[in-house]
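Since chain G is already given, all that's left is putting chains U, Y and V on it; use the hints.
There are 4 protein chains.
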Amino acid sequence: MAKLSLPLVVINFKTYPQATGEKAVLLAQSCEAVAKEYGVSIAVAPQVSDLYLVSHAVGIPVFSQHMDPGDPGQYTGHVLGEALVEAGCTGTLLNHSERRMQLADIEAAVRKAEHLNLMTIVCSNNPLVSVAAATINPSAVAVEPPELIGSGISVSKAKPEVITNTVDMIRKVNKEVLILCGAGITTGDDVKIAIKLGSQGVLLASAVAKSNKPLEVLKGLVAPIAK
Amino acid sequence: MAKLSLPLVVINFKTYPQATGEKAVLLAQSCEAVAKEYGVSIAVAPQVSDLYLVSHAVGIPVFSQHMDPGDPGQYTGHVLGEALVEAGCTGTLLNHSERRMQLADIEAAVRKAEHLNLMTIVCSNNPLVSVAAATINPSAVAVEPPELIGSGISVSKAKPEVITNTVDMIRKVNKEVLILCGAGITTGDDVKIAIKLGSQGVLLASAVAKSNKPLEVLKGLVAPIAK
Amino acid sequence: MAKLSLPLVVINFKTYPQATGEKAVLLAQSCEAVAKEYGVSIAVAPQVSDLYLVSHAVGIPVFSQHMDPGDPGQYTGHVLGEALVEAGCTGTLLNHSERRMQLADIEAAVRKAEHLNLMTIVCSNNPLVSVAAATINPSAVAVEPPELIGSGISVSKAKPEVITNTVDMIRKVNKEVLILCGAGITTGDDVKIAIKLGSQGVLLASAVAKSNKPLEVLKGLVAPIAK
Amino acid sequence: MAKLSLPLVVINFKTYPQATGEKAVLLAQSCEAVAKEYGVSIAVAPQVSDLYLVSHAVGIPVFSQHMDPGDPGQYTGHVLGEALVEAGCTGTLLNHSERRMQLADIEAAVRKAEHLNLMTIVCSNNPLVSVAAATINPSAVAVEPPELIGSGISVSKAKPEVITNTVDMIRKVNKEVLILCGAGITTGDDVKIAIKLGSQGVLLASAVAKSNKPLEVLKGLVAPIAK
Numbered sequence: 012m013a014k015l016s017l018p019l020v021v022i023n024f025k026t027y028p029q030a031t032g033e034k035a036v037l038l039a040q041s042c043e044a045v046a047k048e049y050g051v052s053i054a055v056a057p058q059v060s061d062l063y064l065v066s067h068a069v070g071i072p073v074f075s076q077h078m079d080p081g082d083p084g085q086y087t088g089h090v091l092g093e094a095l096v097e098a099g100c101t102g103t104l105l106n107h108s109e110r111r112m113q114l115a116d117i118e119a120a121v122r123k124a125e126h127l128n129l130m131t132i133v134c135s136n137n138p139l140v141s142v143a144a145a146t147i148n149p150s151a152v153a154v155e156p157p158e159l160i161g162s163g164i165s166v167s168k169a170k171p172e173v174i175t176n177t178v179d180m181i182r183k184v185n186k187e188v189l190i191l192c193g194a195g196i197t198t199g200d201d202v203k204i205a206i207k208l209g210s211q212g213v214l215l216a217s218a219v220a221k222s223n224k225p226l227e228v229l230k231g232l233v234a235p236i237a238k
Numbered sequence: 012m013a014k015l016s017l018p019l020v021v022i023n024f025k026t027y028p029q030a031t032g033e034k035a036v037l038l039a040q041s042c043e044a045v046a047k048e049y050g051v052s053i054a055v056a057p058q059v060s061d062l063y064l065v066s067h068a069v070g071i072p073v074f075s076q077h078m079d080p081g082d083p084g085q086y087t088g089h090v091l092g093e094a095l096v097e098a099g100c101t102g103t104l105l106n107h108s109e110r111r112m113q114l115a116d117i118e119a120a121v122r123k124a125e126h127l128n129l130m131t132i133v134c135s136n137n138p139l140v141s142v143a144a145a146t147i148n149p150s151a152v153a154v155e156p157p158e159l160i161g162s163g164i165s166v167s168k169a170k171p172e173v174i175t176n177t178v179d180m181i182r183k184v185n186k187e188v189l190i191l192c193g194a195g196i197t198t199g200d201d202v203k204i205a206i207k208l209g210s211q212g213v214l215l216a217s218a219v220a221k222s223n224k225p226l227e228v229l230k231g232l233v234a235p236i237a238k
Numbered sequence: 012m013a014k015l016s017l018p019l020v021v022i023n024f025k026t027y028p029q030a031t032g033e034k035a036v037l038l039a040q041s042c043e044a045v046a047k048e049y050g051v052s053i054a055v056a057p058q059v060s061d062l063y064l065v066s067h068a069v070g071i072p073v074f075s076q077h078m079d080p081g082d083p084g085q086y087t088g089h090v091l092g093e094a095l096v097e098a099g100c101t102g103t104l105l106n107h108s109e110r111r112m113q114l115a116d117i118e119a120a121v122r123k124a125e126h127l128n129l130m131t132i133v134c135s136n137n138p139l140v141s142v143a144a145a146t147i148n149p150s151a152v153a154v155e156p157p158e159l160i161g162s163g164i165s166v167s168k169a170k171p172e173v174i175t176n177t178v179d180m181i182r183k184v185n186k187e188v189l190i191l192c193g194a195g196i197t198t199g200d201d202v203k204i205a206i207k208l209g210s211q212g213v214l215l216a217s218a219v220a221k222s223n224k225p226l227e228v229l230k231g232l233v234a235p236i237a238k
Numbered sequence: 012m013a014k015l016s017l018p019l020v021v022i023n024f025k026t027y028p029q030a031t032g033e034k035a036v037l038l039a040q041s042c043e044a045v046a047k048e049y050g051v052s053i054a055v056a057p058q059v060s061d062l063y064l065v066s067h068a069v070g071i072p073v074f075s076q077h078m079d080p081g082d083p084g085q086y087t088g089h090v091l092g093e094a095l096v097e098a099g100c101t102g103t104l105l106n107h108s109e110r111r112m113q114l115a116d117i118e119a120a121v122r123k124a125e126h127l128n129l130m131t132i133v134c135s136n137n138p139l140v141s142v143a144a145a146t147i148n149p150s151a152v153a154v155e156p157p158e159l160i161g162s163g164i165s166v167s168k169a170k171p172e173v174i175t176n177t178v179d180m181i182r183k184v185n186k187e188v189l190i191l192c193g194a195g196i197t198t199g200d201d202v203k204i205a206i207k208l209g210s211q212g213v214l215l216a217s218a219v220a221k222s223n224k225p226l227e228v229l230k231g232l233v234a235p236i237a238k
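Residue numbers (this note's numbering), protein chains in the order written: chain G, 12 to 238; chain U, 12 to 238; chain Y, 12 to 238; chain V, 12 to 238.
Calculated directly from the structure, the hints in this document are not laboratory data.
Only a predicted model underlies this, so the values are computations on that prediction, with no experimental measurement involved.
One or more hints might be untrue.
Restricting the straight-line Cα-Cα distance to at most 16 Å, the calculated cross-link-like pairs of lysine to aspartate or glutamate (EDC-like) are [claimed, not checked]:
#	chain 1	residue 1	chain 2	residue 2
1	U	K238	U	E48
2	U	K170	U	D200
3	U	K34	G	E93
4	Y	K221	V	E43
5	Y	K123	Y	E93
6	U	K221	G	D82
7	G	K34	U	E93
Here chain G stands alone, though its shape is the one from the complex:
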């Protein structure tokens, strides 16, 4: 599996117009430029239809926003792991709050991704769900309390205990899984605190993908963790 240096900053492009098609490429290139300048690991998660374009335009890791379980053949309209490999992906998000999955399908997708050497980041909405996700042995879990998503309130400020508790609970069942902190990350301070509290990175979306000045926002985000 691809080795990423830590901490890891993952930018979910969602379906923002500013992060679709050719603009997805531009945004990914901004991410790459900042990653290099600051020596920080940044990964991007554009829409499925943009994966090929983006992964061929940048050298940083590219994640899909979703992957279905299932083997090639049937599954019209599904997003299979084999297609992600062909599109040049490093891995995929799973179970995002906007694309919840059945427990059995999350596990099947993680196994399939393992087999294909794709990384998996399973999103979760509270500490217990994060622990459950961690026992499935994905590459990472990303804790995203729904009440903070897109709220502008930082998880590291509003609910620092969500991170510390979750880290403690996850480490009892899984020593190796990466723990990302999602929801409400908007500034470099948020990132710094999230790392300090024991997470290995952050997953964020709107602060970067909706911004008119993404380059500036990105620099502000990673400056406190620059090498």
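Quick look at chains U, Y and V alone, frame taken from chain G:
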């Protein structure tokens, strides 16, 4: 909305390995070559991750295998119409038997596609569902009895009345929607009979997308309807 | 199929505490009392777990809030038509806005219900979806614009054209299906106008099921259509 | 939460005609008779529409086959915990292979059930999913490899290691959760072996619910674990 000459042959690439990534491009190029040689309208429906690549490699219409309703912004992991436009698509399949949709979502997706000037082909599993789909005013409906999908039994041979009845019933509620015949189309004879029975085209998958000699199969399929 | 006199007033109990368990029985008995007193046809739709109790306590028609397609045997946790018959139901709602169904499943459930002599009321969220639902030949369609559900704004006041247009459009494809008007019905005036505009009845929920004085509300609702 | 003596035998009635409506009551009464005669804890899981009838006819624990998360009010057509309490249930199955749930919904339903003092049995399809389910702290997990469901092949014979491995893995994360063995249990020998291998009970369906002689089958099943 894009005007397609009739009859229309739509090739669903499903998730076959022979029709994924660079191979999706090769197969689409074969489709284009046959379309030109025989003067027949052929459209292709590759996986979402291959849409950009394919639509930039060929001049024939490219359809997505699925589209979700919803407007840009949220909807992580969904396939929005705006992304299909960016990827160069002519339209999309909806409600394929392997990707069934809620009635309200089919209608919302058809309206959204209309607004974006994308064509819509709504798949259906029996005459009454085809009529219901037709009343929503998509560009086309494709009748695919599940018992014939991938069976090798031609719908035009096994169940000619599925086509004639469906055509009659649909025309009572919608004079303009294209009617495609799906499931069990494998030979030029099947295509010819399907057209003769009143459909304006066919939707097929495995006969072409799983074939080792797709060029040959394609030629055989369209020869009887060549201009 | 059970013959109901028209107009028909259907009360959806949803999952309100005031309409659950023994309280569902009491509310259904109030509905029956008012139905008799005013000579108006009232049907009730309690939760699945209350169907047996309610249908054995009252003589008015009892509808389920949902039914899955599928035949007895597997389908753990599903609500099959055979179980509804055993529980004494007259019919079922399908595709309620809080329980949307796939198009193919709506059609399969309507066919199954027909076979079991159960009535079907398919809910729909706009005129075109109502027409699509009507072509499937359920016993009734109930138009419920989502923007009015639980809003306190009457569909008959705010959007009279939703009813008249929908009635006109439905009658072009189906002369016999009952047309119910849902969403925003709170008073007898609303009911009267809904009937006047061409619907054969109403589907409502909160105005009755959340009320502290359901008997009073019910009387007010049906007084203008009393015989 | 209700205390059940161990080992626990749970009979899923699925939607078998022999276990629906009045016949569900008869079958539950057979279960109760055998439970008393042999001093073994037997619980039954009839369809939602039969819960009230069955729970008022027998003194043994009655489980629902499914429960949705969510609080009273909206949720037309859903099965809420409050309704299960009203119907006299002891608890509910969750995530049965025929009614898979999203991970976040399983967790929310377990929390809701806890709050309502309802027991929860989360079904799972392999060891890792069982561990994930166990971390959510339900009352019990039931391991049901899909390849054995309804196959007539006993999980205790065909795959004893599924039980022993799962027990070992679950105990590392949860010392208290009950572990049930499902799928392919048809005889008393199966039950005995399942218990011997470390499970605290079994979950079975067809062997009892489809049988013409359920009383005989039940006696055979529990005889080896009789007190």
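Taking the hints in turn, this is what the structure says about them:
no.: 1; hint: U/K238 - U/E48; result: holds (10 Å)
no.: 2; hint: U/K170 - U/D200; result: holds (14 Å)
no.: 3; hint: U/K34 - G/E93; result: holds (13 Å)
no.: 4; hint: Y/K221 - V/E43; result: violated (39 Å)
no.: 5; hint: Y/K123 - Y/E93; result: holds (9 Å)
no.: 6; hint: U/K221 - G/D82; result: holds (14 Å)
no.: 7; hint: G/K34 - U/E93; result: holds (13 Å)
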